[in-house]
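The listed protein sequences correspond, in order, to chains A and B.
When we follow the working numbering, the leftmost residue of the first sequence carries the number 1, and every step to the right adds one.
When we follow the working numbering, the leftmost residue of the second sequence carries the number 117, and every step to the right adds one.
Heads up, a few of these hints could be off.
Reference listing, derived: stretches of chain B covered by chain A, where coverage requires no fewer than 3 residues with Cβ under 8 Å from a Cβ of chain A [said to hold, decoys possible]:
1. 132–140
2. 155–162
3. 166–175
4. 219–229
5. 232–241
Okay, derived cross-link-like pairs now, BS3-like style, lysine-lysine, Cα gap no bigger than 30 Å in a straight line [to be verified]:
6. A:K55 to B:K142
7. B:K234 to B:K218
8. A:K90 to A:K46
9. B:K218 to A:K76
10. A:K34 to B:K218
11. A:K11 to A:K76
Think of the hints as simulated: they come from the structure by calculation, not from any bench.
Idealized CB from N, CA, C, for every residue including glycine.
Residues per chain, in single letters:
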Amino acid sequence: MTDTLKVTLNKREGLSVIYTEGYINNQGGEEIAKIAYKLIEDGERKILLNLAGTKIVNSIGISILIEIIEQILEVKGRLGFCCLTKTIAKTFHIMGLAQYADIYDDEAAGIAGMNS
Amino acid sequence: MADHAVLREVTLTLPMVADMEIAASKTATAMAEFMGLAADKTDEVRMAVVEACINSFEHSQAEDSRVYLTFSVSGNDEPQKLEITVRDRGHGFKPSEVVDPKIEEKLKAERKRGWGLKIIRGLMDEVEIESDAGGTTITMVKYRQAGRGR
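Just chain A, same shape as in the assembly (with noise of 0.2 Å):
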């Protein structure tokens, strides 16, 4: 029953680019702080998430985003979310995400914007 959420990095183009693969629900959430935490302990100021691979996702797993945006914000930093499904960035809408992480189409767009 369980989608276990797979996340991947890659750093590129002067930012971290982190894939996820599944479900993100209170340890697919993890899984990306994890990351992301680390990223920005060594000094990343910009992460971009890309969501291609995720379909669905609980509030329990973005409040863990949320989180996120908390911590790179402490350190004048930025986070991206990119390639999200309609109703991902409806949910991120209606959350009011956009106001502090910036949302791209796709990955090329992200990596453009967030290095502009």
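Dock chain B against the given chain A, drawing on the hints supplied.
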């Protein structure tokens, strides 16, 4: 609200166990596909069902540790409406006392959770919450076509 004939109804009882909400979302998907709901609307229903289940899992403290769901597709000539009820036998709550979460406050708050009802209301066409000391029932509706049946 116009009365429609029930074309298909499915009931589901889930134990309050981690990730069981995914079983509910799969049933929601099957019902949405049966009624020919657009893919985006189907995704919205799935997410709302997941949130309603999680709310029950997390907050109801139901002694039977069960969530009871009914998925009902209705319409006249063709399927028009998907109605989903998510019910628990927990201690209930007062919906009017639930604080509407705001991102600017949550960013600074220690507790970042509490988004479930806001998400459900934002994704579904109609939402009704009935809650008392005997439990909580969330009724959610999605129409196949905007404006139909209302």
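Find the hints from earlier in the document that the structure breaks and name them by number, from lowest to highest. No hint contradicted; all consistent.
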